[in-house]
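Asks: Below are the chains, spelled out letter by letter.
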Amino acid sequence: MKPYLDSLRRVCSVFWKLGRQARRTKFFFLFSQLPAGVALIFRLNVLFSGRASATGFYLFTNIIMFFYLQMIILVLALFYGTSVCSEEVEGRTLPYLTTRPLPKSAIVLGKYAAYTAIAAGMTALGLILSFLVLNFGDFSGRAALALARYLGVLVFGLVSYGALFTFLGSALKRSVFFGLLFSFGWENVIQYFPGSTQRLAIAHYLKSFLPAPPSGRFAFLTFRLEPTPPGLSLLILGLVTLACLALAGLVFSKKEYILED
Amino acid sequence: MTPVIAARNLAKWYGNVLGLSDVTLEIEPGVTGLLGPNGAGKSTFLKLLTGQIKPSIGEVSILGRPVRGDASLYSRIGFCPEQDAFYEEMTGREFVTSLLVLHRFSAAEAKSRAERALGIVDLLEDADRLIKAYSRGMRQRLKFAQAIAHDPEIIILDEPLNGLDPLGKRKLIRLVREFRDEGRTIIVSSHVLPEIEALTRTIVLIHQGKIFARGDVHEIRDLIDTHPHLVSIRCPEPRSLAARFLADDHVLKVDFGPDGRSLLVETNNRDLFFSRLGRLIVADAVEVEEITSPDDNLQAVFDYLVGK
Amino acid sequence: MTIRDKGYFHWEGTLRERRLAWWPITRLGLRLAFKRKGFKLLYFGAFAPALGFLVGIYISERIGEFRYMIRGSSQLFEVNPAFFKAYYTSDFLLFMMVMLMVVGGAGLIADDLRHNALQLYFSRPLEKREYLAGKASVLVVFLLTVTLLPGLAFVLFKLLFSGSFRFIVSYPWILLSVTAYSAAVTAVFCFYTLLLSSLSRNRRYVSILLFAVYLVSDILFRIFYGNFKNPAFALLSLKANLQQTGAFLFQQKPPYDLPVGWSILVLAAAGAAAFLVINKRVRSVEVVK
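Protein chains in written order, with my numbering: chain A, 76 to 336; chain B, -11 to 296; chain C, 139 to 427.
Keep in mind that the hints are not guaranteed to be accurate.
Quick list of in silico lysine to aspartate or glutamate cross-link-like pairs, DMTMM-like style, CA-CA up to 25 Å [to be verified]:
| id | chain 1 | residue 1 | chain 2 | residue 2 |
| --- | --- | --- | --- | --- |
| 1 | A | K329 | B | E113 |
| 2 | A | K330 | B | E185 |
| 3 | A | K248 | A | E301 |
| 4 | B | K198 | A | E331 |
| 5 | A | K77 | B | E97 |
| 6 | A | K330 | B | E47 |
| 7 | A | K92 | B | E103 |
| 8 | A | K92 | B | E113 |
| 9 | B | K42 | A | E335 |
| 10 | A | K101 | B | E76 |
| 11 | B | K120 | A | E335 |
| 12 | B | K198 | A | E335 |
| 13 | B | K99 | B | D72 |
| 14 | B | K120 | C | D356 |
| 15 | C | K418 | B | E76 |
| 16 | C | K418 | B | E77 |
| 17 | A | K330 | B | D114 |
| 18 | A | K92 | B | D72 |
| 19 | C | K173 | A | E165 |
| 20 | C | K178 | A | E262 |
| 21 | B | K157 | B | E97 |
| 22 | C | K175 | A | E165 |
| 23 | C | K367 | C | D356 |
| 24 | A | K248 | A | E331 |
| 25 | A | K92 | B | D114 |
| 26 | C | K173 | A | E262 |
| 27 | A | K329 | A | D81 |
| 28 | A | K248 | C | D249 |
| 29 | A | K329 | B | E47 |
| 30 | B | K42 | B | E76 |
| 31 | B | K120 | A | D81 |
| 32 | A | K92 | B | D10 |
| 33 | A | K92 | B | E185 |
| 34 | C | K175 | A | D81 |
Derived DEER-like restraints, expressed as beta-carbon distance ranges [as the list claims (entries may be wrong)]:
| id | chain 1 | residue 1 | chain 2 | residue 2 | range |
| --- | --- | --- | --- | --- | --- |
| 35 | B | V5 | A | L314 | 39 to 45 Å |
| 36 | C | R169 | A | A321 | 36 to 42 Å |
| 37 | C | Y146 | B | V5 | 44 to 50 Å |
| 38 | C | G183 | A | K77 | 47 to 53 Å |
| 39 | A | Y267 | C | A408 | 29 to 35 Å |
| 40 | C | H148 | B | V276 | 25 to 31 Å |
Think of the hints as simulated: they come from the structure by calculation, not from any bench. In this text, a Cβ means the ideal position worked out from N, Cα and C, and glycines have one as well.
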């Protein structure tokens, strides 16, 4: 087990460094800070107009959080998750990894860990910045606890979605297409369905950790939800993540990837 | 004694396309040249050797162990792929160092090994430039560097001389010979015959997915009965010399050069012919300026076997 | 007589060049797009709204027979400019157009950048505008077939089912509106797709960008509009600007209380900026420092 974990760690450290210095990471960093920019605009509006349409905490929990949950982490997880395998195949750099003394599954899991950590870091920074901007001067212990909770939800989201897209990337050629259909088709549409059908979406379990949203003008971001208990949600998300990662490792170990000449 | 690399009844199909057919081969330490035209199956064979693809039929083992499923073998194998592909946003140093880290070397050792490998291929000066700014030759040398950086005992090189200038090629050929002298096993694939000839006399000739011949170039040549040997002799009196062995059964044909100072003899027994020629030169004081065998080379072997 | 027997002779004819240099690029792009497995399904799926609306046109002419099915207002099945606007500015149609761009257009320039094919293109007697025209034409074909063709079909079937020219007499400008809006939305998506495709060598990255930028622009608009109640934020959203333009061209009330000219200006400015960037990115030699 120890050698396996050591292989994982090594792969993770190499791709943590490579992923951080990649040009696309700079773009996704800016993308992940968009909600912080929105928060800043709200705050500046309050400062200059002297009027607040809602409290900072309300805006944070009902706009910023859902912007991350229904857009930012999906895009990040989709890109980084599918990149784990696809970028090696498209870039024809796969032989450099598969001819090292590393279990093949450790390659895919190590890369997944590195890229998820990068995405989580960007998201966490943006979320914390947004929180601080919107709650500046109004910081309370309750708000801090809420921030930790929301951070946890986003990280779970990145971990679960990332695992799913890593599996799609290792198994399918058109992983991005199916990933987009899943993220912005299935995950959105299924939430309109009442009862048990909602439980077929990862978003449902993530939202189960959050307090029930009020109806109102931002209702387009939050939909009717019959939440699953948080403990069960955590278990299911964990199982989904483990299953997807196991499948990704298995597919990557067994599949032959034909590289373009 | 266990061969270093052994392939038994190895075959690979890509759908309906045959990549490799019934290859049985053993490779010993030293340099083995894998020779064949484009599309012959050389890269397929190397991919099977390095476990990147699995055989449709047969098995391949390295040091007595099956390749696929045994990741620890790779610490003893260095592979230089044919594709010109890198992590372009890394520098050359980062590239080699990162791949060494994956070999379980500590950060310090990876750094020093990378330094040494880059020095061997003359890339130290440009080691901190981004790979995307490298020329074709530099990229090729970098690929070689990552293949040797961890001191593997088996080195597999797929078209290693592509893109190198003549000086670079000479240097790499010298390096390969040094590795051979150290007792390592090196497989070099190429479709450029003079390159293989410069590297080794032991060849495996692949064409249309099959092995046409393997062994020493000259031994193979001798076995090609269907193509008599050619011997070119340059002398002041070619006709007089030719008359002396026209009666010999092993001399099949004699042609005279247009300059009137050479003759080309076709013989099906080269050894007998040379022995006869040697006696003529000594006993009859026949003046001979030059003797060459125009087809005792890899090009001729290749052409004869491939059917040109 | 063969040329060998003829020997040398001077040819007195005029040299005629084939100057549709962009056409082979377009043809290749279309062939490659249709070769992809999911694309055909997606492409024909994009016609689903048009089929639905065609059925609506049929029902509108036989409204009495379907009245038992339609409870409440039958205005829904009135075929008028609002009907056309509803089709052209529907969320589903715009979504399908973006998906077509993702699958059929993301790699148009990105793949050429990745394989260093621009040098191959520009070492032929091909100008940059011909190259870009060829690439854009691939997108134009996809987009016009889901915009212009259905619009013309709606008019045609309305005339056929109604058995008179009353519709055209009532709305003589309708064909012009259909053509103008189709051209506008096609141009917008063309520039949008080619811009993003020229920014990266990675088709996967471009596919995600195509989707993300479209969605994020709309989400940002709705967030700011929800908070500030200022319709000017509609200018942030690609979708909203297209809906404003559609409403204007079909002489309907715009969905947002904002001068339509601003939306058209924003789209035009974005198109011009996109063109400048594309022009800079597409060049035969890349300088790497």
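Asks: Determine for every hint whether it applies to the structure shown.
Replies: Taking the hints in turn, this is what the structure says about them:
no., hint, verdict
1, A:K329 - B:E113, "41 Å, violated"
2, A:K330 - B:E185, "37 Å, violated"
3, A:K248 - A:E301, "35 Å, violated"
4, B:K198 - A:E331, "22 Å, holds"
5, A:K77 - B:E97, "21 Å, holds"
6, A:K330 - B:E47, "18 Å, holds"
7, A:K92 - B:E103, "19 Å, holds"
8, A:K92 - B:E113, "23 Å, holds"
9, B:K42 - A:E335, "18 Å, holds"
10, A:K101 - B:E76, "16 Å, holds"
11, B:K120 - A:E335, "19 Å, holds"
12, B:K198 - A:E335, "23 Å, holds"
13, B:K99 - B:D72, "24 Å, holds"
14, B:K120 - C:D356, "37 Å, violated"
15, C:K418 - B:E76, "22 Å, holds"
16, C:K418 - B:E77, "22 Å, holds"
17, A:K330 - B:D114, "37 Å, violated"
18, A:K92 - B:D72, "22 Å, holds"
19, C:K173 - A:E165, "19 Å, holds"
20, C:K178 - A:E262, "24 Å, holds"
21, B:K157 - B:E97, "29 Å, violated"
22, C:K175 - A:E165, "18 Å, holds"
23, C:K367 - C:D356, "15 Å, holds"
24, A:K248 - A:E331, "12 Å, holds"
25, A:K92 - B:D114, "20 Å, holds"
26, C:K173 - A:E262, "29 Å, violated"
27, A:K329 - A:D81, "22 Å, holds"
28, A:K248 - C:D249, "16 Å, holds"
29, A:K329 - B:E47, "16 Å, holds"
30, B:K42 - B:E76, "29 Å, violated"
31, B:K120 - A:D81, "30 Å, violated"
32, A:K92 - B:D10, "44 Å, violated"
33, A:K92 - B:E185, "43 Å, violated"
34, C:K175 - A:D81, "41 Å, violated"
35, B:V5 - A:L314: 39 to 45 Å, "41 Å, holds"
36, C:R169 - A:A321: 36 to 42 Å, "40 Å, holds"
37, C:Y146 - B:V5: 44 to 50 Å, "47 Å, holds"
38, C:G183 - A:K77: 47 to 53 Å, "51 Å, holds"
39, A:Y267 - C:A408: 29 to 35 Å, "32 Å, holds"
40, C:H148 - B:V276: 25 to 31 Å, "58 Å, violated"
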